[in-house]
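Residue numbers (this note's numbering), protein chains in the order written: chain W, 1 to 573; chain V, 1001 to 1286.
Simulated from the structure, these hints should not be mistaken for lab results.
One should not assume that every hint holds.
Claimed, not checked - Have a look at the derived ranges for each label pair, beta carbon to beta carbon:
1. 1041(V) / 407(W): 39 to 45 Å
2. 387(W) / 1283(V): 24 to 30 Å
3. 407(W) / 1216(V): 56 to 62 Å
4. 398(W) / 1114(V): 50 to 56 Å
Where is the CB? At the ideal position from N, CA and C, for every residue including glycine.
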Amino acid sequence: MSSVHDIVIRIGGESGEGVISTGELLTLAAARAGFWVYTFRTYPAEIKGGHAVFQLRVSDKPLYSHGDSLDALLAFNQEGYDQHHQDLRADGTVVFDTEQVDESTVKESRQFGLPLSRIAKEEIKMPLAKNMVALGALARLFSIPEEYTNKLCKEKFARKGDVVIQKNLEALAAGKSYIEKNFSDLEHFHIQVQPSELRLVLSGNEAIGLGALVAGCTHYFGYPITPASDIMEFLAIELPKVGGIMMQVEDEIAALGMALGASYTGKKVMTATAGPGLSLMTELLGLAGMAEVPVVVADVQRGGPSTGLPTKTEQSDLNLAVFGAHGESPRIVVAPMNVEDCFYTTVTAFNLAERYQVPVLLLSDQSLANRNECIPKPDLKKVQVWERLVHRDGEGNNNYLRYQYTPSGVSPMALPGTSGGAYVATGLEHSEAGRPRYDPATHARMTEKRFRKLASAAADFPRVETLGDADAELGIVSWGSTLGAVREATERARAQGVKILSFYPRVLYPLPDGYLADQLKRVKRLIVPEVNSQGQFANLIEQRYRGELIRYNIYGGLPFRAGEILKKIEEVA
Amino acid sequence: MSESTAVLAKAEFKSEVKPTWCPGCGDFGVLRAVYEAFEQLGYQTKDIVLVSGIGCSSRIPYFVSSYGFHGVHGRVLPLATGIKVANPDLHVVGLGGDGDAFSIGVGHLPHAMRRNPDITYIVMDNNIYGLTKGQTSPTSHFQFKTKTTPFGNLEDPINPMAMAIVCGATFVAKGFSGKAKDLTDLFLKAIQHKGFSFVDVISPCPTFNRVDTFKYFAEHVAPVPDAHDASDKMKALGLAYKTDTHYLGVYYQAERAPLNQRLAQARQHVETDRQTVLEELLVRFG
Chain W
1 MSSVHDIVIR IGGESGEGVI STGELLTLAA ARAGFWVYTF RTYPAEIKGG HAVFQLRVSD
61 KPLYSHGDSL DALLAFNQEG YDQHHQDLRA DGTVVFDTEQ VDESTVKESR QFGLPLSRIA
121 KEEIKMPLAK NMVALGALAR LFSIPEEYTN KLCKEKFARK GDVVIQKNLE ALAAGKSYIE
181 KNFSDLEHFH IQVQPSELRL VLSGNEAIGL GALVAGCTHY FGYPITPASD IMEFLAIELP
241 KVGGIMMQVE DEIAALGMAL GASYTGKKVM TATAGPGLSL MTELLGLAGM AEVPVVVADV
301 QRGGPSTGLP TKTEQSDLNL AVFGAHGESP RIVVAPMNVE DCFYTTVTAF NLAERYQVPV
361 LLLSDQSLAN RNECIPKPDL KKVQVWERLV HRDGEGNNNY LRYQYTPSGV SPMALPGTSG
421 GAYVATGLEH SEAGRPRYDP ATHARMTEKR FRKLASAAAD FPRVETLGDA DAELGIVSWG
481 STLGAVREAT ERARAQGVKI LSFYPRVLYP LPDGYLADQL KRVKRLIVPE VNSQGQFANL
541 IEQRYRGELI RYNIYGGLPF RAGEILKKIE EVA
Chain V
1001 MSESTAVLAK AEFKSEVKPT WCPGCGDFGV LRAVYEAFEQ LGYQTKDIVL VSGIGCSSRI
1061 PYFVSSYGFH GVHGRVLPLA TGIKVANPDL HVVGLGGDGD AFSIGVGHLP HAMRRNPDIT
1121 YIVMDNNIYG LTKGQTSPTS HFQFKTKTTP FGNLEDPINP MAMAIVCGAT FVAKGFSGKA
1181 KDLTDLFLKA IQHKGFSFVD VISPCPTFNR VDTFKYFAEH VAPVPDAHDA SDKMKALGLA
1241 YKTDTHYLGV YYQAERAPLN QRLAQARQHV ETDRQTVLEE LLVRFG
C-alpha cells in the first residue's frame, strides 16, 4: 500500500525537454498547497542532450531525505522509463508519454499513459507546452488544487504576455482533463494539508545567498563553476540593492584576492566555488590565515578529482578545506546539513570569520545546492550577527599594533582611513606591528597567537545536535548533507528497537579536545557514513576516538538514501 | 648612481623600516619618487594603501608609513582592485617587479586594464629575478645569460608597454629610476589619472643584471617627443615598439569611466535598504 503521507515522485527524460521545469513547478505548487517538499536532481554536464532526472518527495510532515523507492514515475521518453521503473515500489504508479514510450514495455498495473507530445502539438498548438500538460496531469494525480498550478503558470510566463500564459493554462487543463476522462482510481494519493505562510521553499544555494545577505555581506567576487554559480547569480541581483557589489572576475585566484582586498577595508566578503576553484584558492587561503583577514569561502562540492563529475555530488573536499595550504594556517571549516542549515550556517560562517579574523570554509555539496526544500521561515530578528573587532580613530597611544598578542589571539584591526592605524597586512612572518620578523621566538609566538584564535572560537561553535538514545553503545556521526538520510535511518532503526545515538557536528575543523568528546566517549562503536572513498572525516576523528570505527563510504556521485544507512545499522547493530 | 641610493624622503611618508635593497638598486629611485609624489599630492598617510606582491621591489610598502598589503606572488591587482571597489576614497597604488607583473601575475593584467579601476600600478622592471638571485624574467632579452638560461635565453621578451596599450589601460607611461624628478612627475600624473594607470619603470639590478645597467639606459633613453599625441593609440604603439631608444613619459592616455563609477551607476536605480531586500526575499521564497 502506498502511504498517503509521503510520496516520492521521479521525473526522467531528455535534458532540455522539461524534466527540470516540470519538477520545479510541481515542487512549488505542492509547497504552496501546504506540502513539505524535498527535491533531488541530477543533470548531465552538457546543456542539451543527455538524461536528466528530477526527484521530488512530498509529505504532510517535515522531510529529511529524498526517499528510497519511488511511489510514482513520470517518463518523458523510453530511457526515462527503462532507467527508473525498477526503483518503483510494487504498487508504484507510472505516468508516461504514449508518444515516446512503448506502452507494451510498461509492466506496472497502475499506469497512466497520456499522449503528452500530441496534446501539446495538436490541441495546444505549442509543442513546448508538453511539460505543462504533464504538470496538469500530475497535479491532478497528487491532489494538488489547480489554483496553485494556475497561479504558478501565470507567474512563470508573466513576462511572455497573455497569449503564452493562456496557452500554458490550456495545457495544464488539458493534462488534468485527459486524466479525468480516461482513468479512474484518481484518489490514490490524497494528502490533506493546509497552506502555511510560515515556510519558505528554496534551494541550498539560494539559502547560502540569503544567509550571506542576513549576515551583512556586501562584497562577492567569483568565477562561474558548477554547481556553485547560482550563489553568485543570486547575489548579482541582490547585493547592489544593499549598496554592495558582485563581480565576476578572471579566475578563482582573483576572486579570493579581491575578496581579501575588500575585507581588508572592513567589508564582509564572500566567494563561492567548487573543488577545482578551491584548489586554486589555497595559496590565498594561507595568506588570509597569516594576514588575519576574514573571508567566507563556500565550496559546493562535486565529484572529483580534477574535473571529475561536475554535476554529481561527493563529500570529498574535506581534506582540501582543512589542510589545503602550505605551512600551518588557521581556518575554520563548517558544513551545513540541509537547506535550512545552509541559511543558518552561512550566518555562522560570517560570524566566526569576522570575530576571529580567519577564513571560514563552508562545505556544501551538489545534492544540497540544487535541491529545493520547505524550511520554516527564519525569524530574522532572532538571527545574531557579529562584527569584527576594529581599532578606531584616536584609540590607544599612537602605538597601534595590528598583530598584538592578546589572550584570545584576536587583535583589533585598523581599517585604511583610520588615523594612527597604518600598518602593512602581510604574508611574511611579522612582529606585533606587522613588520617582517623571522626570529624563532616571534615565529613561535605568532603561530600560537593565530591558533589561539581557533581555541577561542570553539566557545562560539554551534552545539553538536544529537538524536536517539543517550545510553546507546552504537553511534553514528555524519557531516554535511548526509544528515538527512542518517536522521531518517536513525528514526527507523529506533522504531525497530535498535538503540542508537546519532550526532551531527556543524564545525568540522578545528575539532579541539572537548568538542564532540562527550558523544565520542559515550559510544563503543561508531558508524561514519560519508560520500567519499577515503573516509576523510573518519580520518579526522580517528585520533580522538577509542572505540571501534565503522567506516561506511559510497562514492558513485549520488547521495545516501536512508534505506542504505538503515541497512548498515541493521548489519552492525 | 649615488643619487638614487640616497633616499631623501619627506619625514611624513618615510617609515622606520630601512630598505633591504642592495646598494645601487634602481628601486631606491622609485621609492624616492613615491615619497615625493605623495608629498606633492598632499595626501594623508591614512588614506593611502600600497599593495605589493613578492620580489625585491615588493618590499616597498614597509618603507612607507601608509597602509599596505604585502600579499602573495603575482596577486597585486586582485588585492588592489578589491580594496578600491570596497573603499573608493582610498588612494590605491600597486607595486611590484617584472616577475610579479608579467610572469606569475600576468593573467590579471589585461582584466585590470579593461576593468579600469582608479588605481595606479608601478612595475619596477629590471629584466631579471633578483630576490631568487638571478634567473631569467619575462622581460629578459633573447640570448641573455642567467642561472636558468646558461646558454642564453631562448625566448623573446614580453612588451609591457604594447600589452598595456592593447589591453585597454587608460594611462600608460614609462619611467626610469635614474631620472628621479621625471619619475616623480610621472607618478603624479599616474596617480591623478582617473582610471587604471600603468607605469613601467626601468629599475636596474646592479647585482644580477650586468647588461641592463644604469649606464646602458642613461645612454639609450629619451623623453617622449613633444609632438607625440598621447590620445592616439596607434602612435602610442609605435613608441612601444621602438627598440633603439627607450622613450620616457606618457605614451597613451584616455578618458573612460573608472570601475567604481560604473558600479555605482549600475546600482543607483536598485539600491534600497537591507531590511527591505530581506523582506522581499522572504515573500519571494514563501
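Subject >> Whether the CB-CB distance between residue 387(W) and residue 1283(V) falls inside 24 to 30 Å >> reply: holds (28 Å)
Subject >> Distance restraint evaluation - residue 398(W), residue 1114(V), Cβ atoms, bounds 50 to 56 Å >> reply: violated (42 Å)
**OP:** Could you say whether the range 56 to 62 Å given as a hint is met by the Cβ separation of residue 407(W) and residue 1216(V)?
**Re:** holds (57 Å)
Original post:
Is it true that the C-beta distance of residue 1041(V) to residue 407(W) lies inside 39 to 45 Å, as the hint says?
Top reply: holds (42 Å)
Checked against the numbered hints given earlier, this structure breaks only hint 4.
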